[in-house]
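The letter at position 65 of the sequence shown is residue 65 when you use full-length UniProt numbering, and the numbering goes up by one with no holes.
Some clues are possibly wrong.
[Stated by the list, open to error] As a list, the in silico DMTMM-like pairs of lysine to aspartate or glutamate whose alpha-carbon atoms are at most 20 Å apart:
no.	residue 1	residue 2
1	Lys268	Glu299
2	Lys343	Asp353
3	Lys268	Glu209
4	Lys223	Asp244
5	Lys252	Asp290
6	Lys367	Glu109
7	Lys331	Glu272
8	Lys12	Asp101
[What the hints assert, rightly or not] Now the in silico label distances, taken between C-beta atoms and shown as ranges:
no.	residue 1	residue 2	range
9	Asn357	Lys252	24 to 32 Å
10	Lys154	Ser99	35 to 43 Å
11	Gly364	Gly201	32 to 40 Å
12	Leu271	Asn137	50 to 58 Å
13	Asp205	Pro139	32 to 40 Å
14	Asn357	His246	33 to 41 Å
Calculated directly from the structure, the hints in this document are not laboratory data.
Think of the CB as a built atom: it goes at the ideal place given N, C-alpha and C, for glycine as much as any other residue.
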Amino acid sequence: MKMETDVNRFRKIVRGKIKDNLKRFISSGELIGRQGNKQVTIPLPRIDLPRFEFGNNQQRGVGQGEGEPGDAVSQGQPQPGDGEAGQKPGEHSMEVDVSLDELAGILGEELGLPRIEDKGKKNISQKKYKYQGVLRNGPESLRNFKRTYKEALKRQISIGDYTPDRPIIIPIKEDKRYRSFRIEEKPEASAVIIYMMDVSGSMGDEQKEIVRLTSFWLNAWLKHNYDNLDTRFIIHDAIAREVDEHTFYHTKESGGTLISSAYKLCEKIILESYPSSEWNIYLFHFSDGDNWSGNDTNECMTLLDNFLLPSSNLFSYGQVESRYGSGQFLKDLEKHYGEQNEKVIIHQIKDRDGIMNALRAFLGRGK
């Protein structure tokens, strides 16, 4: 119990340290490079729990040796060294492993995010085994060793066959106990995230890095809410194509921009793979706001109104600031939708420091 209390106390301290540094982690991308399969290694300042240290009683010190009350305490013997004050702090750090799920929980607490209420029919079921009792018969793979040992110990003590100096416990058939279970079919909520990004010449490396960091934290939160999560990636300039995750964040393109090409491909992916009655669909589009023409912008609004919005839980548009982008598409979306449509979230991300506010805007409605 003492050890468990100390571990829980340590974990609370770690969670507090992560919260204190969360904005730095989000904006720097430090955690993405340390990501494993289901865990992230987080560098934190060294954590020292306070404790007493006992010295050698034979040494002389304050309160020991010669002297009278009121005598001044001497400075003591000088120690080796040049005696100059340093300008740099000592390097004291440690690394802790935190699961992505726990990290998403910390993000939700810090940003005050509501739990997502999924909309889809959950036609996918997953069998889960719930262990709830102990039986006298069962397969050896389910033998409860602790209960078996206790039964054997009680039996040997009761018949006088137990010697404390030579505590050998040999279970027999009557001592064996087995775990019992029942199968529960639990509906498994399914979700898909479709990321779309403008990769025209005006989108530089810094803009793509902001998108990458934002996407990482969006993924972490949605995985925290859904058992089954798919992720698809679309890049576009004047034409759109589906790519893998690495290509999505590292493609260098140039040329003009037709945003409607991405929305048409998104519609095609949903129709082919993700019926809206069974899937919770999240659409995220990132751009610097340039589009080829007003006619294409009108076509984008038509695609959103007629299919993408009715099919999805949420459509989020994040506009990253670029010195070459006009930013007009954000203004057009705001003019078309205003505050009326709860499925549409529009947010401008000026720099890395704006990522936390973007996450709060995209996820704060709990859709």
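How the hints compare with the structure:
| no. | hint | in the structure |
| --- | --- | --- |
| 1 | Lys268 x Glu299 | holds (16 Å) |
| 2 | Lys343 x Asp353 | violated (25 Å) |
| 3 | Lys268 x Glu209 | violated (27 Å) |
| 4 | Lys223 x Asp244 | holds (19 Å) |
| 5 | Lys252 x Asp290 | holds (17 Å) |
| 6 | Lys367 x Glu109 | holds (17 Å) |
| 7 | Lys331 x Glu272 | violated (32 Å) |
| 8 | Lys12 x Asp101 | holds (16 Å) |
| 9 | Asn357 x Lys252: 24 to 32 Å | holds (28 Å) |
| 10 | Lys154 x Ser99: 35 to 43 Å | holds (40 Å) |
| 11 | Gly364 x Gly201: 32 to 40 Å | holds (33 Å) |
| 12 | Leu271 x Asn137: 50 to 58 Å | holds (53 Å) |
| 13 | Asp205 x Pro139: 32 to 40 Å | violated (57 Å) |
| 14 | Asn357 x His246: 33 to 41 Å | violated (27 Å) |
In this structure, the earlier hints numbered 2, 3, 7, 13, 14 are contradicted, and the remaining ones agree with it.
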